[in-house]
Amino acid sequence: MLACMKRRLLLFSSLFALLLLTWLTLPGLHTAQQIGAKALGLEVKSSANNLQALSTAAGFKVVRYYGDIPGPRGLAISRAGLIVSSPAEGAVYRLVDSDHSGSAKSHLTLVDNLIRPSGLEIHDNWLYIAEADAIGRIAYNPLNGATQGSYQRIIHDLPSGGNHWRRVIHVGPDGWLYLAIGSSCNVCIEEDTRRGSIMRFHSDGSGGEIVARGLRNSAGFDWAPWNQQLYATDNGRDWLGDDEPPDELNRVTQGSHYGWPFSNGFGATDPDYGNHPDKPLQASKSPVHGFRPHNAALGIIFNRSDSLPPSYRRSAFVALHGSWNRSVPDGYKVVSLQWKEDGSIVENDLLWGFLTATGRILGRPAELAQGEDGSLYISDDFADTLYRLYPDNRVAK
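Note that our numbering has the sequence shown beginning at 577, numbered continuously upward.
Cut-off 25 Å, straight-line C-alpha distance, at most; resulting in silico cross-link-like pairs (DMTMM-like, lysine to aspartate or glutamate):
id, residue 1, residue 2
1, K861, E785
2, K861, D848
3, K855, E767
4, K681, D968
5, K637, D968
6, K637, D882
7, K681, D644
Source of the hints: derived by calculation from the structure; they are not laboratory data.
Construct all of the structure, not just a fragment, from the sequences and the given hints.
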């Protein structure tokens, strides 16, 4: 009897392992990437002392700006200070640098009881907040940081299930409110056509329309100040090995399709959906720059300050959150992208050291904001820390 029970247990265990392996390799069903590397045991929690492990490009210094908000993510800045969202807390905070030392000492709650807030934007005395399923706003004074009235949701019923529920919002040069909505899956045909797109709305939340499709997870976007063109990061799909496909930087234009889920990177046919009958007839647009595969390019911001070294005049900065499923971790840094006169883009490290030589993960850069003095503020939702990267020839306030 005991031997029979052991055989049955072994058979059950084998069948379970086979089912689990099958589920993990299905292209569009698993949600491991939403769980992230912490749950998979790939990361080690950081501490404030890890600042000494960080290195910067020449001409910059870095300080720990604040460290008392769980999972800080979205950023927005005005003269009243830095605003931070915490999806884990369901709240948005304003940081207070009470002694003007260049590091915040406390934080104030601006809005709470939110559903996983992420993206933030300040525009025309409004603070816009992107929740997982809605966009809302509250009257905000950018000079003294005071809110007035109540928080009101102006865009409702955004798709929020599955993967990529964080929302990014920015107001463009045209005055429209732009919103990136990531896919619900690794690779699939979406039932809701808003998934895998960038949309735009009037600033009051009306008139929503899709700007571009085929963007699996554009977790950051901004407009180049020298030509007002929209650029967006995009995270390539998983489960094609360590070295495919690249993450992307796309120049986004109205009505364009950027490939997902039918092609990856610079036009490579997807092995699962490359010949799907829903594949659009229009040719997909290739990225203008490729990041290393699985680096998870998230927030991007173009330099708008004359305080940085001259080589950064036509540059953007991108947070690479870091890989979660490569056999060897990669990414975990902030890079600069410099536009050359011939139109080429050169990538260089700007802030690194979040990944040690032994593979220990100390932090994961997520979003970026730039102050009037040129300082870059960086959220790290793994180390629960915000950093300030500033030119070392001046004390940034």
